[in-house]
Amino acid sequence: MSRTRRPAVASLFYPGDASSLRGMVTDLLAAAEPGDAPASTETTPTGQPKALIAPHAGYAYSGAVAASAYAQLRQPETIRRVLLLGPAHRLPFRGLAVPEAAALATPLGSVPVDRAALASAADLPQVHELDMAFDGEHCLEVQLPFLQARLSDFGIVPLLVGDASAEEVAEVLERLWGGPETLIVISSDLSHYLDYDSARAIDARTSEAICALRPDAISTRQACGRHPVAGLLTAARHHHLHARALDLRNSGDTAGPRDRVVGYGAYAFN
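The sequence shown begins at 1 in full-length UniProt numbering and counts up one residue at a time.
Note that these hints are calculated values from the structure, not bench results.
Don't take every hint at face value.
Label-pair restraints from in silico Cβ distances [what the hints assert, rightly or not]:
#1 Thr78 with Ser120: 19 to 27 Å
#2 His89 with Asp259: 21 to 29 Å
#3 Ser19 with Ala217: 40 to 48 Å
#4 Ala30 with Gly109: 14 to 22 Å
#5 Ser198 with Ala105: 35 to 43 Å
#6 Ser219 with Ala102: 30 to 38 Å
Note that beta-carbon positions come from the ideal geometry of N, C-alpha and C, so glycine has one too.
Could you build the full structure based on these sequences and the hints that come with them?
If you want it as structure tokens, here you go:
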């Protein structure tokens, strides 16, 4: 297999020119203060996060929030594999979809797909090869430039999550959990198209549920990536991880009007 899946949202969600994209991501990461969490959270622990949640809107809207998650990778040289999960926006299906491609590309280059890891989860009934689910999909792609900027030699395990229970997603994560060489990234925005004050209220409740590792307290109305988030929270409870909020804003705070906003949160799990 040699096919590389080309980027679908370059020049739309982020710059299509490699130099401009590299400069933007570098600036976003430099502006993100590692360990700079909201005042309501506990003292930031040291060490490498096992998992991150980062938003997936256009960089003008959510790039700074996403950067606050990736800035937490203090030993990026240890990471060789990234489990990258996000919600399918364009095609409804049951379970989790994997692509046919051998690599996923951005203007910064191609990232190899860890086909061996995918093969090790292929016997799970909820995992299916469904390449068309990735056509035009943005939620995983927008995470790649941040990973390319922070990591050096790594592969990805891309999984789009359709209609799947928290337990089904957690089972896949458990199968591929690995050790310090494996990072989990969940791509999800929070509330959609509420007014500014309503969004702040519902996103605050969602953030509390994430930090309390309570998948039952999060609905699809609260997070478009509710299913992969719920799977991570379930697995995090099993592994006794602790979640912390890094940033919580919405498009009304960044680059949009305040009558219809989208919420963005960044979280680390140690």
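Do the hints match the structure? See the list:
| no. | hint | verdict |
| --- | --- | --- |
| 1 | Thr78 with Ser120: 19 to 27 Å | holds (21 Å) |
| 2 | His89 with Asp259: 21 to 29 Å | holds (23 Å) |
| 3 | Ser19 with Ala217: 40 to 48 Å | holds (43 Å) |
| 4 | Ala30 with Gly109: 14 to 22 Å | holds (21 Å) |
| 5 | Ser198 with Ala105: 35 to 43 Å | holds (38 Å) |
| 6 | Ser219 with Ala102: 30 to 38 Å | holds (36 Å) |
In terms of the numbered hints stated before, the structure departs from none.
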